[in-house]
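Protein sequence lines correspond, in order, to chains A and B. Its first residue numbered 1, the first sequence is counted upward by one per residue in the numbering used here. Its first residue numbered 373, the second sequence is counted upward by one per residue in the numbering used here.
What the hints contain is simulated information worked out from the structure, not anything from laboratory work. Computed from a prediction, not measured in an experiment: that's the story for all the values here. We treat Cβ as the ideally placed atom computed from N, Cα and C, and that holds for glycine. Fair warning: there could be bad hints in the mix.
[What the hints assert, rightly or not] The calculated label-pair distances, taken between Cβ atoms and stated as ranges, are:
| # | chain 1 | residue 1 | chain 2 | residue 2 | range |
| --- | --- | --- | --- | --- | --- |
| 1 | B | Tyr823 | A | Leu18 | 36 to 46 Å |
| 2 | B | Cys797 | A | Leu183 | 52 to 62 Å |
| 3 | A | Pro93 | B | Ser732 | 52 to 62 Å |
| 4 | B | Pro696 | A | Ala80 | 54 to 64 Å |
| 5 | B | Tyr646 | A | Lys129 | 36 to 46 Å |
| 6 | B | Tyr646 | A | Glu340 | 52 to 62 Å |
| 7 | B | Ile734 | A | Phe79 | 36 to 46 Å |
| 8 | A | Ser364 | B | Tyr823 | 47 to 57 Å |
| 9 | A | Ala253 | B | Tyr646 | 54 to 64 Å |
| 10 | B | Lys846 | A | Lys129 | 36 to 46 Å |
| 11 | A | Asp343 | B | Phe820 | 51 to 61 Å |
| 12 | A | Leu11 | B | Ala569 | 29 to 39 Å |
| 13 | B | Val583 | A | Leu11 | 26 to 36 Å |
| 14 | A | Phe79 | B | Cys797 | 48 to 58 Å |
[Claimed, not checked] Selected chain B positions facing chain A (in silico; Cβ < 10 Å):
| # | residue |
| --- | --- |
| 15 | Gly404 |
| 16 | Pro698 |
| 17 | Ile700 |
| 18 | Phe786 |
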Amino acid sequence: MFKNRGKLILLLVPALLLTGCWDSQDVSDLNLGAMVILDRQGDELSFTVEIAKITPPGEGGGGGGGTKQTYLTGAGANFAEARDALDMQMDKPLFLGTVRTLVITERAAAGDLAEYLFRLRENQEYRQKVNITITAEEPEAFEGFENESDEPAGYVIDDTIQTATELGHTCAVTTEKYVNDILAGRGFVVQNIGFDDKQIKLNGYSVFRDAKLVGFIPIEESRGLTYISGRRPVWVYRLPGAGGFVTAEVELASRDVKPSYRDGKVKFEVKLAFRATIQYKSGTSLFPLNEKNIKEYSDSLRRVLKSEVDAAIQLSQRQFRSDYMSFGEALRIAYPDEFEKMDWAAEYPKAEIETEMSVDCAVSDKLDIEAS
Amino acid sequence: MIKKRPKIEVILKAIEEEGFPLSRRSLRCEGGSIEILYVQQLTDRVSLADFVIRPLCNYLARGERGLKAAEVAENVLLADDCALQTDADEAQSLILDGRVVILLPEDEQYISVNLKKVEHRTIADPMIEYTLRGPRDCFVENLDTNLALVRYRNKDAKLRICQYKVGVRTKTSVALIYIEDIANDKVVETMKKRIQAIDVDGIGESGELEVYLQSGRRNLFPQMGVVERSDMAQHLLNEGKVLVLVDGSGMALSAPKCFAEFFHSCDDRYDNMYFGLFMRITRYASFVLALYASSFYVGIAEFHTDALPSRYVISLAEMRARVPFPPIVGALMLEFIVELLREALLRVPKQIGSAVGIVSAIVIGQAAISAGIFSPLLLMLASGALLASFVMPDFTLANPMRILKIFALLSTGFLGFYGLVLFTCAMLIHLVSIESFGVPYFSPLAPFNRYDFLRSFIFNISLSPLRPKNLKDKDRTRTRT
């Protein structure tokens, strides 16, 4: 096969030196992490790791009867010391490739997150798609988490956020995005989770400016934010109309953000086109819906949507002064030189942002007349 | 009378000296006796009596004198295949070949009559090339029957059958079959030279002959195909292939044979094009599964756990929770057991074969997992790989695969997926560097030929208007429309 054995040896020697059976690590000899909680108590940082409980086939308890995972905490003056303290408690090496959620407590997030996020990006042990969330809960609260399938809390949190993203109720964000936002001096939002009767619940968004926690947007007030930042937001509205209440599913069809820079003033024209499908209606007086009713409903829907989007923009400009909706990115692309020279963090609250909504309203074929 | 019977005496003396069991029938005649020599077990005695002895007796009864071999062969004997011989040394081999030798008292020539009759099984269903809708007749251990099947299916006047005797002692009949105006001359010549150059005591089966016909004797991958079905033989001949039939073997050999052809089945020609494509994809996938399944398990469980989605990592860890052996040891043990089972089921009588299978399945499948000896996933993969290895239409490719699987396992066990990639590279380098009778083994992929690739992989081969380019046939046109 090889006429020149020298070539074969040249091929094999580096191969044998690069890796070997000494690198092997049996999966059953690892502590499989499912979630890492970062907390700060005064000057002390702590890592709490949720280690997935490994049950051999046929020995599973199931039924959600109590805690099935192991929680270990290591604390120290800095990240390295905290990690060392954690490793000291491990009976097997900790495997972070199975971690799906990183939870940062609001106490820890109030400090500088940049170092931790940079550290996270460089850490090859973690997966690229690891989910980051903020919580107001204490780390110990996660130990009491229960679910029917005895899944680790880290997986349930990730699944909850994934489901919300698929339904169009939130926007998925990666560590890479956070790091890029920090590097570019932009603000950003991170999903905030909590417990509702021992069940995971998406509370809203924690707002960051200069890599520090500056505020919180409840999920009920986050629709405007998702319309500007979400990939394909979908929400349901129940508004008065046609003699009763009309329920419609509203989906963002297109989003167009046009920046302009004249005489040192930044202006954005935001055009959002929505597609609304009327699904339910209550009352009987004006049925079936005619064009006039639909037009009226469409107008009222547009007003509501505009107020939500305007409120979201105003919140980011006035209260948080943080461009977590990435208007700066559109400006940077359109005016790269000007953007380079300006202090965007200072300019953003002053920027003029005009919004324009259009709603294409249609009636669902499966309209339920009596339901509301 | 001085010349009388010198040949007979020489021949008989030589046979007596050899001392092999011989039947002899003497018919008295003017000037001595006619000696009829034959081997009882190889001769059709009814035909001998009806077509040789009876006509000779009648002829002698008429008081004919001066018997001449030529006249007897021409006018007296009723057998169709009579030949006049003069070489005394050859008589012995003719008799041992099943021919009847007739020695006349007053002639230097003698007659050999073909009344050969060897007990053989009747044409039955194929054992290794089973198909759903193809014809059922397959080759048996009798060369004449096999040649009859080939002739029956291919009435081309250009069909050539060259017969050889191979083996100093066994003198096994070997037939080289090809279609003169299609087959590549170089392949035919190479094959003829290699057959004629064989100098061994004997050949018992086509597999033995294959060793001598291949370009190197240390090949892992088979360079010749095995054909059991006569319809497949006909397809191959029309493709420009050369077939070799060995007397005493129910398997014909076909050459040249490329790697991709091992994935073709007779059904591909008979079934719908899309189903044929689907099945070929299934076979390729089976090859990959059979070769790599256990290695992937070892690679994932031992080196690259992070290649799996996190939830599956936990499932994998749960399945391995009570297994005491490292993945590579478990995989090697299980593969060894699987090979044991496969070999045992081949050897045991059919009546207890199923019982062995059931017991093994219970012992390994149930007890080994309950005892925590093997991971259920590994067992599932090894079983899947075993099933996949049986999907190959030509079983000769499954044999090297069984060996390579162990090498793949060891490479992965030592170096992880890196080792698996190295192993795959080495295997591919080997595959692209070998030839089958001058045809690149990995063609039409390497060297790449788009037309051949599409025809052999995607479309029904029978529908292709041209024969494959890589075979370098004399006549490439298959369909004249």
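Violated hints - listed by number, lowest first | Those not satisfied are hints 2, 3, 4, 7, 9, 10, 14 and 15.
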